[in-house]
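Colleague: Read off the chains here:
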Amino acid sequence: MGYNIVVCAKQVPDTKRITGEAMKEDGTVNRAALPAIYNPEDLNALETALQIRDAHGGTVTVLTMGPPNACVILRDSMFRGADRGVLVTDRRAAASDTLATSYILSQAVRKLNPDIALCGRQAIDGDTAQVGPQMAEKLDMTLVTYLEELIDLKDREITVRRNVGNGWEEVTAQLPVLATVMETANHPRPHAAKRIMKYKKARSKLEMEKELPEGADIDAEAETLAAKGLLIDQWTLDDIDADLEWCGMSGSPTKVNRIQSIVLAGGEYHEFDPTEDGCEKLVHELISDHTIG
Amino acid sequence: MIQVNKQGDVWIFAEQEEGKLSDVPLELLSKARELADALGVSVGAMLLGQGVKDLADTLIAHGADKVYIVEDEKLKAYQTTPYTAAIQTLIEDHQPQICLFGATPLGRDLAPTVASRMKCGLTADCTDLQIGTHEEKKDGTVYENLMYQIRPAFGGNIIATIVNPERWPQMATVREGVMPMSEADSSRSGKVIACQAGLNGFPLPLTIHARHREERKVNLKASRIIVCGGAGVGSKENFKVIWDLAHCLGGQAAGSRAAVDLGFIDHDHQVGQTGTTVRPALYVAVGISGAVQHRAGMQESAKIVAINNDPDADIFQVAHYGIVGDLNQVVPMLIKAIRGGMSVKTAHETPEATHG
Ligand SMILES: Cc1cc2nc3c(=O)[nH]c(=O)nc-3n(C[C@H](O)[C@H](O)[C@H](O)COP(=O)(O)OP(=O)(O)OC[C@H]3O[C@@H](n4cnc5c(N)ncnc54)[C@H](O)[C@@H]3O)c2cc1C
Ligand SMILES: Cc1cc2nc3c(=O)[nH]c(=O)nc-3n(C[C@H](O)[C@H](O)[C@H](O)COP(=O)(O)OP(=O)(O)OC[C@H]3O[C@@H](n4cnc5c(N)ncnc54)[C@H](O)[C@@H]3O)c2cc1C
Chain A
1 MGYNIVVCAK
11 QVPDTKRITG
21 EAMKEDGTVN
31 RAALPAIYNP
41 EDLNALETAL
51 QIRDAHGGTV
61 TVLTMGPPNA
71 CVILRDSMFR
81 GADRGVLVTD
91 RRAAASDTLA
101 TSYILSQAVR
111 KLNPDIALCG
121 RQAIDGDTAQ
131 VGPQMAEKLD
141 MTLVTYLEEL
151 IDLKDREITV
161 RRNVGNGWEE
171 VTAQLPVLAT
181 VMETANHPRP
191 HAAKRIMKYK
201 KARSKLEMEK
211 ELPEGADIDA
221 EAETLAAKGL
231 LIDQWTLDDI
241 DADLEWCGMS
251 GSPTKVNRIQ
261 SIVLAGGEYH
271 EFDPTEDGCE
281 KLVHELISDH
291 TIG
Chain F
1 MIQVNKQGDV
11 WIFAEQEEGK
21 LSDVPLELLS
31 KARELADALG
41 VSVGAMLLGQ
51 GVKDLADTLI
61 AHGADKVYIV
71 EDEKLKAYQT
81 TPYTAAIQTL
91 IEDHQPQICL
101 FGATPLGRDL
111 APTVASRMKC
121 GLTADCTDLQ
131 IGTHEEKKDG
141 TVYENLMYQI
151 RPAFGGNIIA
161 TIVNPERWPQ
171 MATVREGVMP
181 MSEADSSRSG
191 KVIACQAGLN
201 GFPLPLTIHA
211 RHREERKVNL
221 KASRIIVCGG
231 AGVGSKENFK
241 VIWDLAHCLG
251 GQAAGSRAAV
261 DLGFIDHDHQ
271 VGQTGTTVRP
281 ALYVAVGISG
291 AVQHRAGMQE
301 SAKIVAINND
311 PDADIFQVAH
321 YGIVGDLNQV
331 VPMLIKAIRG
341 GMSVKTAHET
351 PEATHG
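Listed in order, the protein sequences are those of chains A and F.
For the first sequence, position 37 (counting from the first letter as 1) is numbered 37 according to our numbering, and the numbering increases by one without interruption.
For the second sequence, position 105 (counting from the first letter as 1) is numbered 105 according to our numbering, and the numbering increases by one without interruption.
Same shape as in the complex, but just chain A:
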């Protein structure tokens, strides 16, 4: 018994803390100037997964695609309760749009063969909310978007309440299911002190190569870590049988024509004094340009 649950999580720049310094002169975003964080709604997806595992048994695997540094959010997941982390990292995956991203992630999910796959509703950088639905289509898993409450799970049947914007819907589906989870679904649990002690030592091979002295036997070290459940799996596109045609630039039909930073300038701006006289002048202005009156 128990369920095999995979959570897809993305490391994102903290777009809420964008300041002038984070914008480059050509109008593009200097990601390096922003702290990298766990995509907020992916923490809600992880919490849903952990609640299912705690109630029904099984395992929670967190999957991320990104640069080697994305292991930070895999360790963060383990501090909160995840059993395993998998990093898909490959230069050939760079510049993937949502079609290519969802293809690559779906190949990794296929290999993990879960009963339940959970995504956040939306990532705060790309802001598309497309990756979850597109993965479900490729995996032929039943899609349940906007999960807000898990109502019941038994006999491989899941019942949830989904938020459909102007109301809600209660639906039941047979597993395997891929759901996207809303910010309002739950409150992500914090790091557990005991788990930090254990999992702060979790590493991927790429990280070990960087940290261990030259000449160290990486494979032997990896085996030792694996025996303790501390090895972060690290996959390339070859490891997940990805067809390179559908990855990265060549797998991405959308192309960026232009990027502009938002220049906060409303054009002409008139300031009025905070006095009766100033207020009258403002009202007069609005009446004379026919906005009111």
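Certain hints may be false.
Said to hold, decoys possible - Below are the DSS-like pairs computed for lysine-lysine, each with C-alpha atoms no more than 25 Å apart in a straight line:
1. Lys76(F) / Lys191(F)
2. Lys191(F) / Lys221(F)
3. Lys281(A) / Lys240(F)
4. Lys111(A) / Lys137(F)
5. Lys281(A) / Lys303(F)
6. Lys6(F) / Lys137(F)
7. Lys66(F) / Lys6(F)
8. Lys20(F) / Lys191(F)
9. Lys6(F) / Lys20(F)
10. Lys281(A) / Lys336(F)
11. Lys194(A) / Lys228(A)
12. Lys191(F) / Lys66(F)
Source of the hints: derived by calculation from the structure; they are not laboratory data.
Treat the numbers as computed from the prediction; the structure is a model and nothing was measured.
Using the hints, position chain F with the ligands against chain A.
Modeller: Just chain F with the ligands, lined up with the frame of chain A:
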């Protein structure tokens, strides 16, 4: 994916629920009309459901030249896979060059699934669409007459223009409330084409047990004047000044997310990324800092007035008129000035229509 097809039509997905169209497909139609006229092709609408035929007239009156109707019991309540299957058939049979969906919860569930099935690109949550030329930097290839898909991203901090040069149709979801809706013209004529759903034996993945729809009590999108209060207003009691100002302008009161979270006003009234996107003739922001998520919902307003005691508040950057001061003093003075200014004017016209 379909082949690049410059003669292909511009299509919209006519989202309906229980036989009713919302404003979204009508907003899409006015934009589709503009794009189709620029390209010299027709506008098509995909209308899926059960017992929805009658809606075709509305779609035609708002700009559709052709309405493709697919009716089936399995399309009655929305589910992702039967809708995707029916749309795939329509696209393959008729080869449109552009397909637009509303960036509604339903549209953002359906459109990515269709794009994944068609293996074509999809741009999310566009706030503008135009026809233009794209030069691929890598090899210098020039593509004429592509759809520019213009969207905010990175939490609203940048605007990206995205194109889909080769793997068609060019698909986009379009944010609600940002495209102006054209007037209905009942003299327009169009073709209604009944299509086969091909859903015999198609399994429905979900059992829908219960659904609850909340009627929106307020219609912010329809308001010509909006007065929006923020956390700076301080309390629910004090929020009365926002209602007073709205009333004396004949407008609607609204709130920032902070104001809603603090319980000053209902969520129905929230403006912004997770509330309603509005573009009134006049938007008065009172005690609002102007976070990106807020600006995303109001910066298209024709005239923006900001009242804030912090001269560096971001809201002033998008405002046309500003007053730096304490709202508790400024708003009452403003109400007095409006009553004075407007009653002089209304006195000459219809004396009984004096505001307040
Ligand atoms: C400014 C800008 C605009 C863009 N616009 C578009 C566009 O309109 N169309 C388009 O196709 N692409 C677009 N992209 C590319 C897109 O951001 C990337 O493809 C990105 O990898 C995935 O999209 P997202 O960030 O929107 O994720 P979303 O679709 O919003 O993510 C939803 C969920 O999918 C999962 N997920 C997403 N990415 C990963 C990952 N790397 N690892 C693990 N789980 C993940 C997470 O659970 C996440 O919560 C844009 C990129 C930028 C920078
Ligand atoms: C995913 C996401 C979605 C969001 N969606 C939305 C959304 O849809 N809509 C939205 O509004 N926000 C949204 N937010 C929240 C947004 O980031 C801001 O937190 C919010 O808009 C702040 O509201 P505010 O301006 O009222 O409050 P604050 O930022 O606290 O600003 C209060 C302002 O009042 C001024 N003030 C204080 N006292 C006075 C006084 N006496 N006289 C005059 N001025 C005074 C202050 O100078 C300050 O500028 C979202 C955030 C996230 C992360």
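Colleague: Between Lys66(F) and Lys6(F), does the CA-CA distance stay at or below 25 Å?
Modeller: holds, 18 Å
Colleague: Is it true that the CA of Lys191(F) sits at most 25 Å from the CA of Lys221(F)?
Modeller: Answer violated: Lys191(F) to Lys221(F) is near 31 Å, above 25 Å.
Colleague: Between the alpha carbons of Lys6(F) and Lys20(F), is the straight-line distance 25 Å or under?
Modeller: With a Cα-Cα distance of about 33 Å, the restraint between Lys6(F) and Lys20(F) is violated, given a limit of 25 Å.
Colleague: Holds or violated: Lys281(A) with Lys240(F), Cα cutoff 25 Å?
Modeller: Holds. Lys281(A) to Lys240(F) sits at ~24 Å (cutoff 25 Å).
Colleague: Starting from Lys6(F), check that the Cα of Lys137(F) is at most 25 Å away, please.
Modeller: Satisfied, since the Cα-Cα distance of roughly 22 Å is no more than 25 Å.
Colleague: Checking one constraint from the list: CA of Lys20(F) to CA of Lys191(F), max 25 Å. Satisfied?
Modeller: holds, 20 Å
Colleague: Can the restraint linking Lys191(F) and Lys66(F) be considered satisfied, given a maximum Cα separation of 25 Å?
Modeller: Distance of about 5 Å is within 25 Å: holds.
Colleague: Does Lys336(F) sit within 25 Å of Lys281(A), going by the straight-line distance between their CA atoms?
Modeller: holds, 12 Å
Colleague: Holds or violated: Lys194(A) and Lys228(A), Cα atoms, limit 25 Å.
Modeller: With Cα atoms ~15 Å apart, Lys194(A) and Lys228(A) stay inside 25 Å; holds.
Colleague: Next pair to validate is Lys281(A) with Lys303(F); report whether the Cα-Cα distance is within 25 Å.
Modeller: Holds, at about 15 Å.
Colleague: Holds or violated: are the alpha carbons of Lys76(F) and Lys191(F) at most 25 Å from each other?
Modeller: Within the cut-off at roughly 23 Å; holds.
Colleague: Check the hint pairing Lys111(A) with Lys137(F) against an upper bound of 25 Å on the C-alpha distance.
Modeller: violated, 36 Å
Checked against the numbered hints above, the structure breaks hints 2, 4, 9 and satisfies the rest.
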